Amino acid sequence: MFEAQLPRAQVLKQTMDAIKDLIKEAVWDVSSQGLSLQSMDSSHVSLVQVTLKTEGFELFRCDKNLALGVNMDTMQKLLKCANNDDNVKLTADDNGDLLTMAFESPNGEVTSEYEMKLMDLDIEQLGIPEQEYSCTIKMPSKEFQGICRDLQNIGENVRLTVVKGGVDFSAQGDIGHAKIHLTESATVDDEMDAITVDIQEPVNLNFALRYLNFFTKATPLSRQVTIQISPDVPMVVGYEIEGLGHVKYFLAPKIENEDDE
Amino acid sequence: MFEAQLPRAQVLKQTMDAIKDLIKEAVWDVSSQGLSLQSMDSSHVSLVQVTLKTEGFELFRCDKNLALGVNMDTMQKLLKCANNDDNVKLTADDNGDLLTMAFESPNGEVTSEYEMKLMDLDIEQLGIPEQEYSCTIKMPSKEFQGICRDLQNIGENVRLTVVKGGVDFSAQGDIGHAKIHLTESATVDDEMDAITVDIQEPVNLNFALRYLNFFTKATPLSRQVTIQISPDVPMVVGYEIEGLGHVKYFLAPKIENEDDE
Amino acid sequence: MFEAQLPRAQVLKQTMDAIKDLIKEAVWDVSSQGLSLQSMDSSHVSLVQVTLKTEGFELFRCDKNLALGVNMDTMQKLLKCANNDDNVKLTADDNGDLLTMAFESPNGEVTSEYEMKLMDLDIEQLGIPEQEYSCTIKMPSKEFQGICRDLQNIGENVRLTVVKGGVDFSAQGDIGHAKIHLTESATVDDEMDAITVDIQEPVNLNFALRYLNFFTKATPLSRQVTIQISPDVPMVVGYEIEGLGHVKYFLAPKIENEDDE
Chain A
1 MFEAQLPRAQ
11 VLKQTMDAIK
21 DLIKEAVWDV
31 SSQGLSLQSM
41 DSSHVSLVQV
51 TLKTEGFELF
61 RCDKNLALGV
71 NMDTMQKLLK
81 CANNDDNVKL
91 TADDNGDLLT
101 MAFESPNGEV
111 TSEYEMKLMD
121 LDIEQLGIPE
131 QEYSCTIKMP
141 SKEFQGICRD
151 LQNIGENVRL
161 TVVKGGVDFS
171 AQGDIGHAKI
181 HLTESATVDD
191 EMDAITVDIQ
201 EPVNLNFALR
211 YLNFFTKATP
221 LSRQVTIQIS
231 PDVPMVVGYE
241 IEGLGHVKYF
251 LAPKIENEDD
261 E
Chain B
1 MFEAQLPRAQ
11 VLKQTMDAIK
21 DLIKEAVWDV
31 SSQGLSLQSM
41 DSSHVSLVQV
51 TLKTEGFELF
61 RCDKNLALGV
71 NMDTMQKLLK
81 CANNDDNVKL
91 TADDNGDLLT
101 MAFESPNGEV
111 TSEYEMKLMD
121 LDIEQLGIPE
131 QEYSCTIKMP
141 SKEFQGICRD
151 LQNIGENVRL
161 TVVKGGVDFS
171 AQGDIGHAKI
181 HLTESATVDD
191 EMDAITVDIQ
201 EPVNLNFALR
211 YLNFFTKATP
221 LSRQVTIQIS
231 PDVPMVVGYE
241 IEGLGHVKYF
251 LAPKIENEDD
261 E
Chain C
1 MFEAQLPRAQ
11 VLKQTMDAIK
21 DLIKEAVWDV
31 SSQGLSLQSM
41 DSSHVSLVQV
51 TLKTEGFELF
61 RCDKNLALGV
71 NMDTMQKLLK
81 CANNDDNVKL
91 TADDNGDLLT
101 MAFESPNGEV
111 TSEYEMKLMD
121 LDIEQLGIPE
131 QEYSCTIKMP
141 SKEFQGICRD
151 LQNIGENVRL
161 TVVKGGVDFS
171 AQGDIGHAKI
181 HLTESATVDD
191 EMDAITVDIQ
201 EPVNLNFALR
211 YLNFFTKATP
221 LSRQVTIQIS
231 PDVPMVVGYE
241 IEGLGHVKYF
251 LAPKIENEDD
261 E
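Chains as they are written, first to last, in UniProt numbering: chain A, 1 to 261; chain B, 1 to 261; chain C, 1 to 261.
No lab work stands behind these hints, which were simulated from the structure alone.
Predicted model only: the values in this text are computed from it and were never measured.
The reader is advised that the hints may include incorrect statements.
[As the list claims (entries may be wrong)] Some, not all, of what chain A presents toward chain B, calculated at C-beta under 7 Å:
(1) THR111
(2) GLU115
(3) MET116
(4) ASP120
The beta-carbon is built from N, C-alpha and C at its ideal position, and this holds for glycine as well.
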């Protein structure tokens, strides 16, 4: 028997919104650690990884590790039937082929139960190696979303140039050239509003804006985004879900050749 | 001569919004009792009935009973030209072929007059028999709208199961099964927010969600919806227009056969 | 060298929004007087004229008169990358083929620079003769926008009938007839909310609603619109940009013949 309960459905809805445009079908892994999901996007370019930790749930019970194969679109559609402040409870039998999502309104007058058929998916888990990164940038998630959206008007790729104290996002296209420069915050009242740049060595890498714009669908989950980059390894774009876990996206830099610029 | 005046155009706009997706053309019957309209929807499945009573108008004059045949789309388009807080006056000559809608802004600086050509429609009025119903459910109209919208994601029909103290709305489809349970309110501060279930005998009937979702277009007209159901007769979904009248929709239950579930 | 700086990007964004649906490509003329633009719309029916005066800028430098040919769509797309309260600075070299738009967030942490390729456009400037008009109407710009939008539901043209103390906007179509009457304001607290009608001689002219509805895209620029009309010359629909300049649209009346009404 698997049971997991959260006081507000909103966070699950936002998590599904954050990943359903990238992934068609995926497996939720249930263990005593919590719920997690890892999947390449449908075009096999980027990787999504979600962790929702046991201690973040109001109630969490897992008698046996389970792999719940779901159609993301269906699961998102059903979760949208919950109001943001509904209590939500997920349940599945150990040998069943159903995931049940039960929602309850705050005053208890409206309860609803959605049963979703599970799928038999054969998905191999890739190990994601622990990694030191050359640069770690933290910034307001809305700022990052705005930059990726604006630069998509210019070109297909964004070049990230990180130096001490700041970052440049630049793009090039037929209509012209754009460069957005962020300066590390001097002082801030609220850490979540700050721009910080942690740098071991400067980097200068090129990424596909199309995927970054998919990743920023996670913006409502967190006021802050963490971007980790190093040469030759995939960048990580991470959104913490307060007290519950995170959504992380991985995207390899574009291989540079002389024709590129 | 027919004249009818309301202090705010909003209620007429909302009434047209509530019915224009169901009905293409209809006849407004003018009598000393007020304005009323009754029409099958264009696919002849459901019935719409609107009553706007004389006493709800600021001014109402009807020298002779009239049958004003209108294209609903045109009438809605013209009413949309009024601001919500405009005063509105409808006039028609006893033997004319025009309905005039005059709007006046609260400060009197802007007045507008729209003349709409009337149509010669031959529509037979069905008598709607007075009826006792097995169950009468009252609930916030937005709640009902949400339920119908959510269940449409699951299947084509909704099963209403009414028992003492509560109602179940359930739907079945390829992606799974849904059941929404409403419990009668224990105590409420505002009667319009309450869920009440008045029951003579339990009912268990199936209705087409497509039509219920048309009916909930009336949601802005009233905070509360009243649902009346009995076996073998059409359900009634009614919205009171405070002090003026009501919009009611009638829909027969689906005939059940063994294949249905 | 050309440099021009404004404390808020919003006004430039709104100016572009006001004209980009009418004009595909145009030339910004830079002189010591400021920035200006004049262009027929793409179908050569109406004329747009924009003036942004030197004294309205925070900083304005023009060493040499320039004619900056731009693709309006591109310029609007790039300006949309600025936040409304960003500081904006335009620069161009005297013999260059680039217009640079630099934005800076209020706290200075985010700066961005967009370089747009200029185009070699051969556009003849028409002189717009100074003109006395028979009637000058001032009214809230939103009111005018609403009237043009509402009447487009009725017909293709609007007839303006201006008499002492008021204006009629009327339209005729298959579904009926509409007449909107504005009465000059008696007293007003705020001049920008007033309707005023200045009349030398009554006029009665017909204009294409399609173009008026393009012109009202300028509504966010100003709370008030000024409409000037005379027989046989183009009407002027003008929006003042407070302290900076104006956007004006010119549209010839429809030639009347007996078939028209």
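Comparing the hints with the structure gives:
| no. | hint | in the structure |
| --- | --- | --- |
| 1 | THR111 | holds, 5 Å |
| 2 | GLU115 | holds, 4 Å |
| 3 | MET116 | holds, 4 Å |
| 4 | ASP120 | violated, 16 Å |
Hint 4 from the list above is the single one not met by this structure.
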